[in-house]
Amino acid sequence: MQLLLPQLTHLPKDCRTKTFQAEVETWKYIKNNQWIYILQKPITVTIICKNLSNHTEDVILHQTGILQLESSCKDYTDFFVLETISSTSCNISHYVPKLDITDDCCLLTRRFNKTVPIQLAPIKLTTIDFSKLGYANKKLDEFNQIVTDQLNKPFIIRHTK
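Each residue of the sequence shown is one higher than the last, beginning at 1 in full-length UniProt numbering.
These are computed hints drawn from the structure, not numbers from a lab.
Misleading hints may appear alongside valid ones.
To be verified - Calculated lysine-lysine pairs in the DSSO-like style (CA-CA distance at most 30 Å, straight line):
hint : residue 1 : residue 2
1    : 132       : 50
2    : 41        : 132
3    : 18        : 50
4    : 41        : 138
5    : 74        : 18
6    : 138       : 18
7    : 132       : 18
8    : 31        : 98
9    : 50        : 31
10   : 138       : 50
11   : 28        : 41
12   : 74        : 28
13   : 41        : 74
14   : 153       : 138
15   : 41        : 31
16   : 41        : 139
17   : 74        : 153
18   : 153       : 28
As the list claims (entries may be wrong) - Across the chosen pairs, the derived CB separations fall in these ranges:
hint : residue 1 : residue 2 : range
19   : 65        : 153       : 16 to 24 Å
20   : 16        : 93        : 41 to 49 Å
21   : 140       : 72        : 22 to 30 Å
22   : 72        : 151       : 34 to 42 Å
23   : 85        : 44        : 23 to 31 Å
24   : 83        : 155       : 38 to 46 Å
25   : 140       : 83        : 16 to 24 Å
26   : 58        : 150       : 16 to 24 Å
27   : 118       : 159       : 20 to 28 Å
28   : 117       : 38        : 17 to 25 Å
29   : 116       : 12        : 34 to 42 Å
30   : 57        : 99        : 24 to 32 Å
31   : 28        : 155       : 16 to 24 Å
32   : 28        : 137       : 26 to 34 Å
Here a beta-carbon is modelled for each residue, glycine too, at the ideal position from N, C-alpha and C.
My request is simple: use the sequences and hints to build the entire structure.
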């Protein structure tokens, strides 16, 4: 929210405040299969390239940056799918400022439960693209590992020292 509001150094005397937690993941296409991104927290993206080897790779992205994909690749995040177009490429440099979108003078540091959020979107078998099953299988394996880790944690957690 700090990006959308003017910078405040103190709270007004008659200010009603509400806080909420949102996960910000912003992607903006630049050109030549390049996207600039702004992230609240690190995310893992899966890149699948349909070339001779059908290469699949997980990459962890942090804060801000530019992602460039080859023309035969797709990028999958929890919320977006980035698809490339065929084009010629050239070497371009963009200045990407480092910024902290979580810096808010109105909030105190809080401890949050460290469970991993699970984002599942429903699929319809009538419109499924079978080339995406490899990605879905990989994500189901990751989901299975998360569930197994949660089940292996002790049921009683001690919160005092």
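Status of the hints after comparison with the structure:
| no. | hint | verdict |
| --- | --- | --- |
| 1 | 132 / 50 | 11 Å, holds |
| 2 | 41 / 132 | 26 Å, holds |
| 3 | 18 / 50 | 46 Å, violated |
| 4 | 41 / 138 | 22 Å, holds |
| 5 | 74 / 18 | 38 Å, violated |
| 6 | 138 / 18 | 38 Å, violated |
| 7 | 132 / 18 | 40 Å, violated |
| 8 | 31 / 98 | 21 Å, holds |
| 9 | 50 / 31 | 21 Å, holds |
| 10 | 138 / 50 | 16 Å, holds |
| 11 | 28 / 41 | 17 Å, holds |
| 12 | 74 / 28 | 15 Å, holds |
| 13 | 41 / 74 | 22 Å, holds |
| 14 | 153 / 138 | 23 Å, holds |
| 15 | 41 / 31 | 25 Å, holds |
| 16 | 41 / 139 | 19 Å, holds |
| 17 | 74 / 153 | 35 Å, violated |
| 18 | 153 / 28 | 39 Å, violated |
| 19 | 65 / 153: 16 to 24 Å | 33 Å, violated |
| 20 | 16 / 93: 41 to 49 Å | 45 Å, holds |
| 21 | 140 / 72: 22 to 30 Å | 24 Å, holds |
| 22 | 72 / 151: 34 to 42 Å | 39 Å, holds |
| 23 | 85 / 44: 23 to 31 Å | 24 Å, holds |
| 24 | 83 / 155: 38 to 46 Å | 44 Å, holds |
| 25 | 140 / 83: 16 to 24 Å | 22 Å, holds |
| 26 | 58 / 150: 16 to 24 Å | 21 Å, holds |
| 27 | 118 / 159: 20 to 28 Å | 24 Å, holds |
| 28 | 117 / 38: 17 to 25 Å | 19 Å, holds |
| 29 | 116 / 12: 34 to 42 Å | 38 Å, holds |
| 30 | 57 / 99: 24 to 32 Å | 27 Å, holds |
| 31 | 28 / 155: 16 to 24 Å | 45 Å, violated |
| 32 | 28 / 137: 26 to 34 Å | 30 Å, holds |
Checked against the numbered hints given earlier, the structure breaks hints 3, 5, 6, 7, 17, 18, 19 and 31 and satisfies all the rest.
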